[in-house]
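2 protein chains.
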Amino acid sequence: MYSDKLRKLFDAGSIKIGDLIKVESGDLIFEGELMPKTEAGHEDAIVVKLKSGYNAGVMYGDGVRITKISSGKAVEFPLSNPKMAENLPKVSLLWTGGTIGSKIEYKTGGVHMTVKPEELFYYIPELPSIANIKFNQICEIASEDMSYHEWQKIAEETADALNEGARGVVITHGTDTMGFTASALAFMLQNLNAPVVLTGSQRSSDRGSSDAFLNLIAATNIAANSNVAEVGICMHASSSDDRMHLLRGVKARKMHTSRRDAFRPINDRPIAYVDMDGRISYVSEYKKTVKAAGKVTANTKFEPKTALLKVYPNSDPEIMQYYIDRGYRGFILEGTGLGHMPVSTEHPGKSWLPYIKNAIENGAVIGMTSQTLYGRVNANVYRNLRLLGNAGVVYCEDMLPETAYVKLGWLLGSHDNKAAKELLDKNIAGEITKRVNYDEFLV
Amino acid sequence: MYSDKLRKLFDAGSIKIGDLIKVESGDLIFEGELMPKTEAGHEDAIVVKLKSGYNAGVMYGDGVRITKISSGKAVEFPLSNPKMAENLPKVSLLWTGGTIGSKIEYKTGGVHMTVKPEELFYYIPELPSIANIKFNQICEIASEDMSYHEWQKIAEETADALNEGARGVVITHGTDTMGFTASALAFMLQNLNAPVVLTGSQRSSDRGSSDAFLNLIAATNIAANSNVAEVGICMHASSSDDRMHLLRGVKARKMHTSRRDAFRPINDRPIAYVDMDGRISYVSEYKKTVKAAGKVTANTKFEPKTALLKVYPNSDPEIMQYYIDRGYRGFILEGTGLGHMPVSTEHPGKSWLPYIKNAIENGAVIGMTSQTLYGRVNANVYRNLRLLGNAGVVYCEDMLPETAYVKLGWLLGSHDNKAAKELLDKNIAGEITKRVNYDEFLV
Chain R
870 MYSDKLRKLF DAGSIKIGDL IKVESGDLIF EGELMPKTEA GHEDAIVVKL
920 KSGYNAGVMY GDGVRITKIS SGKAVEFPLS NPKMAENLPK VSLLWTGGTI
970 GSKIEYKTGG VHMTVKPEEL FYYIPELPSI ANIKFNQICE IASEDMSYHE
1020 WQKIAEETAD ALNEGARGVV ITHGTDTMGF TASALAFMLQ NLNAPVVLTG
1070 SQRSSDRGSS DAFLNLIAAT NIAANSNVAE VGICMHASSS DDRMHLLRGV
1120 KARKMHTSRR DAFRPINDRP IAYVDMDGRI SYVSEYKKTV KAAGKVTANT
1170 KFEPKTALLK VYPNSDPEIM QYYIDRGYRG FILEGTGLGH MPVSTEHPGK
1220 SWLPYIKNAI ENGAVIGMTS QTLYGRVNAN VYRNLRLLGN AGVVYCEDML
1270 PETAYVKLGW LLGSHDNKAA KELLDKNIAG EITKRVNYDE FLV
Chain S
870 MYSDKLRKLF DAGSIKIGDL IKVESGDLIF EGELMPKTEA GHEDAIVVKL
920 KSGYNAGVMY GDGVRITKIS SGKAVEFPLS NPKMAENLPK VSLLWTGGTI
970 GSKIEYKTGG VHMTVKPEEL FYYIPELPSI ANIKFNQICE IASEDMSYHE
1020 WQKIAEETAD ALNEGARGVV ITHGTDTMGF TASALAFMLQ NLNAPVVLTG
1070 SQRSSDRGSS DAFLNLIAAT NIAANSNVAE VGICMHASSS DDRMHLLRGV
1120 KARKMHTSRR DAFRPINDRP IAYVDMDGRI SYVSEYKKTV KAAGKVTANT
1170 KFEPKTALLK VYPNSDPEIM QYYIDRGYRG FILEGTGLGH MPVSTEHPGK
1220 SWLPYIKNAI ENGAVIGMTS QTLYGRVNAN VYRNLRLLGN AGVVYCEDML
1270 PETAYVKLGW LLGSHDNKAA KELLDKNIAG EITKRVNYDE FLV
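Same order as they appear, the protein sequences are chains R and S. Residue 1031 in my numbering is what sits at position 162 of the first sequence, and the numbering runs on without skipping anything. Residue 1297 in my numbering is what sits at position 428 of the second sequence, and the numbering runs on without skipping anything.
Looking at chain R on its own, in the form it has when it is part of the complex (with noise of 0.2 Å):
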């Protein structure tokens, strides 16, 4: 809530969080709607929406002045959820939080996160048209909060949804750990047979330019109407609104804080674009739906005692112990180059082959990735290598960090040790490719 001296000269001018003010600060004027003090913001810093879109926050003090232009209108929300078009085809929409669901946020007051569909479909009536959607909101969380508990509830509600006649299932997510979320779903969800596909946005839904929108209605295309039968990604392909993309889901990451086609495919080529028009282009191979495959099935399991490990110059190998001490069964290294670390004994302690054996002969699964993130992992090229190959540390191929991580607790969560060493490198969700071809670096 704004500052007490603030609302008393809104309060004084007449002005309500809606309305369309002036601001004068000096040389500064700015005009737009009034908008409700944002939960981070300072409670003296006005926040005025600009008919750009963007919201401008003005520190209020001496020599600002503020008038009402005019009131603003009041939104409001049909009573209930429109009618849905039962010809249309059956999409399960699943709410979990996340940057899409901010605009209703403020809109409404209400809490963080939280949308209605009443809502939801107020700000996006094209939704309605593109499937019949059946809206559940399962949980409300920021995504860096998400852990393996939500991952299992969306998994469990995504297969109830399939299983329950829905042709294709959408998930909002926040974006930050959405690539996770995504690598999850595809190693738990057994015998999928239709489109899971997550999406959220970059830019809050109260911003001009924001991606919510646009996404989600790529999102809902794809699971109405593609065949692909696997746990994509669905996002800003451009930073323009010229089209969105699909991607493979153990394959997409996060690469830039804020823009809105910070999701990019790794070591893979997207499964396929969707313009304006909802056109779907498939662009590579991807699994194909088939005629009555059965159910799906929810195989949840999941370990939480395996660790992801960054190792760098001076970095610390006695962690390893740590974990090991704590009962850890598996460890996901985030090695340099081809997949290095230090070996060398010339500077003490700092060898990290000593704590691997001790963690394998305590019988845990120690798998190498790479934090260059493109190529792939080869323990062939250099004799350091070597040395941790024969030590028993199973090299990840062209498998990202995250999703190795997900990959080995998940294996964890319903294998013996031995067993999830096994399949650590073998391909399962598409998380392993044979080949990396060259056009897939950068793009």
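Don't take each hint at face value.
[Said to hold, decoys possible] Covered by chain S, according to a simulated footprint, are these stretches of chain R (three or more residues, beta-carbon under 8 Å):
#1 1008-1015
#2 1087-1099
#3 1239-1245
[Said to hold, decoys possible] Taking lysine-lysine and the DSS-like style, the derived pairs with C-alpha atoms no more than 25 Å apart in a straight line are:
#4 LYS1174(R) <-> LYS1219(S)
#5 LYS1219(R) <-> LYS1219(S)
#6 LYS885(S) <-> LYS1219(R)
#7 LYS1219(R) <-> LYS1003(R)
The hints are simulated quantities; they were obtained by calculation from the structure and are not laboratory data. Glycine included, C-beta positions come from ideal geometry on N, C-alpha and C.
Based on the hints, put chain S in the right spot on chain R.
Frame of chain R, contents of chain S only:
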């Protein structure tokens, strides 16, 4: 060395290393030069250098036939350095090991990554025509084994070389941690007034496709002829041999395990391109040399009790306490998205917030970066970030996690924690830029 069995076989056929041989194994026939056994290779694997420049390995066993086609030419190195042209610019070449030295290694049968200057100039006869080169092998170490001890030595040798009259310095280095070393030098070298260029190779120099020679030639050109007063990395700009680029060391990252163009500028543009003829084209702003700038000094103090921690779903925040208990003074967190980490109290023991607060109460300096690599962290967008910002976490702008780690360790080497914290998000060597340009994503 090859196995006894193979050596007997070679002796019986009068086959020596370097001879042209034919190896037949079932349907496969290889013709090429017999290579010495590689360090990492099996002692029964016959390594043949094909005409394509690539090596093939054939495991010796039943049905494998080896025939000598012709004797190889013995490689004879000149007995001493070629005479250097006194009129050319003086460049100091500091050799540290890495892939770039591996051709010389196999020809001489010498020790891993060692090189003698007469061998170097034999293989790259262009070098003495570019600069009056003083060769100095200062260590012999794989990139993954580099530590701050080597950073210190390289910084001191670089300062000495420049103060003794070199107009530029070239440093050969393994590629895996080249970005870390370049960052360390950028911070350690004070009053730098000359080009300091790290270079290396992604493909070992015994392969036809090696990038070693062109990279070293381009780096020498920059050291001899450019007016760049920064620490840079010079590697292939594209995977064809048409041009090399000079990247700002603090903004460069190895982004592919094996491609020759693996080094990319992150949130930055290249400083310059160097073409095959040695022409340097400057393409962005950089610090320029000035006349009579005085001596370079090396402030090499580094606090090894600095950690780089990657945060991910289900990650264990208690490891911060592990480091605090061991006297660690600084942490760089590699958060998600704009700089997030789990702070929800819903999953007991999984919020990082209490551990961060405790570390800060213990006086530790904590910097936030993003695992997206591209883009800028920002504490002002979401509520969870405000919690971290309020706790005293320093948001490291658009700095790479690896660069931020090196910077913090270096700051803590010669400052108390409070002063180091103040400097962490202030630009020192080009590691923080005010604005990320649109065309700096995935290039």
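Okay, the hints, checked on the actual structure:
no., hint, result
1, 1008-1015, "holds (count 6)"
2, 1087-1099, "violated (count 0)"
3, 1239-1245, "holds (count 6)"
4, LYS1174(R) <-> LYS1219(S), "holds (13 Å)"
5, LYS1219(R) <-> LYS1219(S), "violated (28 Å)"
6, LYS885(S) <-> LYS1219(R), "violated (40 Å)"
7, LYS1219(R) <-> LYS1003(R), "violated (55 Å)"
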